[in-house]
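Turn these sequences into a full structure, and let the hints guide you.
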Amino acid sequence: MRFLDELNDNQRKAVEFVDGASLVIAGAGSGKTRVLTYKIAYLLKKGFAPSSILALTFTNKAAREMKSRIADLVGERMARYLWMGTFHSIFSRILRSEAGTIGFTSNFSIYDTADSHSLIKSIIKGLNLDDKIYRPGLVQNRISTAKNNLITPGAYASNADLLNADKYARVPRMQEIYRIYTEKCKQSDAMDFDDLLLQTNILFRDHPEILQRYRERFNFILVDEYQDTNYAQYLIIRRLSEGHERICVVGDDSQSIYSFRGANIDNILQFKNNYQSAQVFKLERNYRSTKMIVNAANSLIDKNKNRIPKEVYTENQDGEKIKVLQLYSDFEEAAVVSEYVIELKESEEYAYKDIAILYRTNAQSRVLEDQMRKGGISYRIYGGLSFYQRKEIKDVIAYCRLICNPADEEALKRCINTPARGIGETTVNKVLETAALHGVTAWEVMGDILKYNLPVHSGTANKLTDFRGMISTFMEQKDVLDAYQLVDSVIKTTGMIRDTYTDNSPESISRRENIEELVNAIREFCEIKTNAGEQASLVDFLAEVSLLTDQDTDKNADEDKVTLMTVHAAKGLEFKVVFVVGMEEELFPSAFSMDSARELEEERRLFYVAITRAEERCFITYAKSRFRNGQLNFVNPSRFIKDIDSKFLDFPVQQTIPSSSNFVDEEIENFSGFRNAGTRFTRTSTRTYYPKKQTEEKPVYYDTLNPARKLTKLESSPTISSTNADLNETFTPTIPVGKFVKHSMFGIGKVLSVSMSGANEKAEIDFGEKGVKTLLLKFAKLEVLD
DNA sequence: TGACCGCGTCTTTTT
DNA sequence: GACGCGGTCA
3 MRFLDELNDN QRKAVEFVDG ASLVIAGAGS GKTRVLTYKI AYLLKKGFAP SSILALTFTN
63 KAAREMKSRI ADLVGERMAR YLWMGTFHSI FSRILRSEAG TIGFTSNFSI YDTADSHSLI
123 KSIIKGLNLD DKIYRPGLVQ NRISTAKNNL ITPGAYASNA DLLNADKYAR VPRMQEIYRI
183 YTEKCKQSDA MDFDDLLLQT NILFRDHPEI LQRYRERFNF ILVDEYQDTN YAQYLIIRRL
243 SEGHERICVV GDDSQSIYSF RGANIDNILQ FKNNYQSAQV FKLERNYRST KMIVNAANSL
303 IDKNKNRIPK EVYTENQDGE KIKVLQLYSD FEEAAVVSEY VIELKESEEY AYKDIAILYR
363 TNAQSRVLED QMRKGGISYR IYGGLSFYQR KEIKDVIAYC RLICNPADEE ALKRCINTPA
423 RGIGETTVNK VLETAALHGV TAWEVMGDIL KYNLPVHSGT ANKLTDFRGM ISTFMEQKDV
483 LDAYQLVDSV IKTTGMIRDT YTDNSPESIS RRENIEELVN AIREFCEIKT NAGEQASLVD
543 FLAEVSLLTD QDTDKNADED KVTLMTVHAA KGLEFKVVFV VGMEEELFPS AFSMDSAREL
603 EEERRLFYVA ITRAEERCFI TYAKSRFRNG QLNFVNPSRF IKDIDSKFLD FPVQQTIPSS
663 SNFVDEEIEN FSGFRNAGTR FTRTSTRTYY PKKQTEEKPV YYDTLNPARK LTKLESSPTI
723 SSTNADLNET FTPTIPVGKF VKHSMFGIGK VLSVSMSGAN EKAEIDFGEK GVKTLLLKFA
783 KLEVLD
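In the numbering used here, the protein residues as written are 3 to 788.
The hints are simulated quantities; they were obtained by calculation from the structure and are not laboratory data.
Idealized CB from N, CA, C, for every residue including glycine.
Fair warning: there could be bad hints in the mix.
To be verified - Listed next, the in silico DSS-like pairs over lysine-lysine satisfying Cα-Cα at most 27 Å (straight line):
no.: 1; residue 1: 480; residue 2: 563
no.: 2; residue 1: 305; residue 2: 274
no.: 3; residue 1: 393; residue 2: 123
no.: 4; residue 1: 284; residue 2: 47
no.: 5; residue 1: 563; residue 2: 355
no.: 6; residue 1: 323; residue 2: 578
What the hints assert, rightly or not - Restraint-style ranges between C-beta atoms, simulated for each label pair:
no.: 7; residue 1: 526; residue 2: 305; range: 46 to 52 Å
no.: 8; residue 1: 654; residue 2: 275; range: 28 to 34 Å
no.: 9; residue 1: 169; residue 2: 22; range: 25 to 31 Å
no.: 10; residue 1: 218; residue 2: 596; range: 45 to 51 Å
no.: 11; residue 1: 18; residue 2: 219; range: 20 to 26 Å
Structure follows, in structure tokens:
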């Protein structure tokens, strides 16, 4: 098998071990995916049938990529029959074919987070509980945690610890909400994401003969990102691999960052105890990053106690130290980062797409985005509202769900009055209450309004009947039309897209485009299915689309754009240049994780993930002040910066960060008194804090520096407006020739000349040691010194 | 019933 | 700074 030559010794050993359980500890950038794909190819060559191999990933994208790489090695024909996919998609497939045995139909709906949130909310309301105390989000979390740990409502209600904890947290009726939630889901023939794993476990627990069947079907099980599995996932794998123990799990305990979603790092830490005969392989050679980055990351993660010992190393070049930048504010941070981005791009060593800006929270993206736009940098933001969570998309999907499963109450609630057809909240509530009273679905109530004695006027009754009739028609079409034709009919009949043609507001246009994109996706789905000689039914499309996320639709990946995303979203990716911004206490590490060592370690792993995304250059930035929740806070540098051995760090601009004991400089210390006293500064406050600036530059410039004018934008300079500059042949430069200016990267320089280049003003500036630079003034943020 | 305003609330989010 | 909620009014 020639392809094995492309592996290093350890990778090869991991690939060739097929006689039992194995754990592959794959350090960052150590070729984890390579090992997994080659291992599967190896198994196929060894004679394992493709359909006997089960490979589980965490994203559809990962599964797809792996599948295509395997296809490259062994041919598409073989790769096609692999059981490869996410936990959720594989087990929802299995659940659909076994649904009857656990009281669901094979058309069951999948509730996304918003659906279950809405259901929980209505249950809390129905029980007359205060939703300030029983916060739906909190309840949702608790139910999710319970399910991830395979605690059913019955088990919950008889678990003294949980009941006490709830009593103590003043939410004693939690178990009741959980019970009703489960009943409601079942009645709606719906499962949430967690149910897909929980119900699989129930299926295997209660039906040994079914478990046995799948055990025999899957002769080899592989799991990617094992460090992020939860108990429910662990047990499914455990059950399926029992007997043959041909299981290979791959992961990196140092990159376990999803505990808040129920992931349990103990799964990987305890693997050797759970599978007594397990072999452990360690992939420690990093192929991604420079020595500097690898060593810096090592010195950081070394501060964690709970980890599997390993020595990640690289034979790559030394590279540059990680640059640490201290800025005054979040605004300046964003401005400076965007300047660096421009410099990197202009150096022609890097394209925009080589660069990523990573942050802890999505809220941080705003300032960055503003500055990117201002600097004319093309960028792409990941995260935020995903395509499938957009209202118009959810509306269309809701119709599809209702057509496939009329019991789906959340879908019904969503489309019954979308677009508005005069069925208001009161009416909907009456229908739902009547349904609950008779123990039937809302769909049935609407089918015989008289029989169920629904207290509505005849006009309302007619509207309900009409709506039901329309859906019924779609249901009949379902068996004749394919998914594309049916959705097309839904959109046209309901008038959903017609609404978007009537006005041309940007929102409306965007809605229309989104709907069209969805329709295209359905058409594509149908074409693929038809080409494969399969039926392209709406049910199949729904089954797939319900488990899709934005992460999976990464079209235009080769566009030259800077990537902005959270560190979580960056896991598994790599970039030549990485900026990790907002490295401040209470932000990163998050204030929420400060009181537990375990959570703090997870934050540190998260930072480790961030740094190890970088191939060549890495920047860490932090600000001294930051707007959060509409308020200005003075903040301190993250403790994690100290965790990195300082010999891998470079503090170029300022010398104020002490390498020794105390990170907090005295001015900040004084101000923390305000903060502790509860005094907050708002954006409009005139009380702004300007720290003394100490740099290596000649101090003479600083004596005259007016800190209030730092980062003065040249466009807003009173000297001349840019339109005038365009019109006049002899324009007045926005910065005076002969004067000194300050550039955040090059330092102090003297303006040699200013000229027009097209519509843009451009200046030649002598930065002394750093050389003479020609800068476009609309990009370069210069500060004119008196 | 729908539009609008003030108020309290915020993490991360592979499915 | 943004969103969802509850209240009010047309």
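Taking the earlier hints as the rules, which of them does this structure contradict?
Hint check: 1, 8 and 9 fail, others pass.
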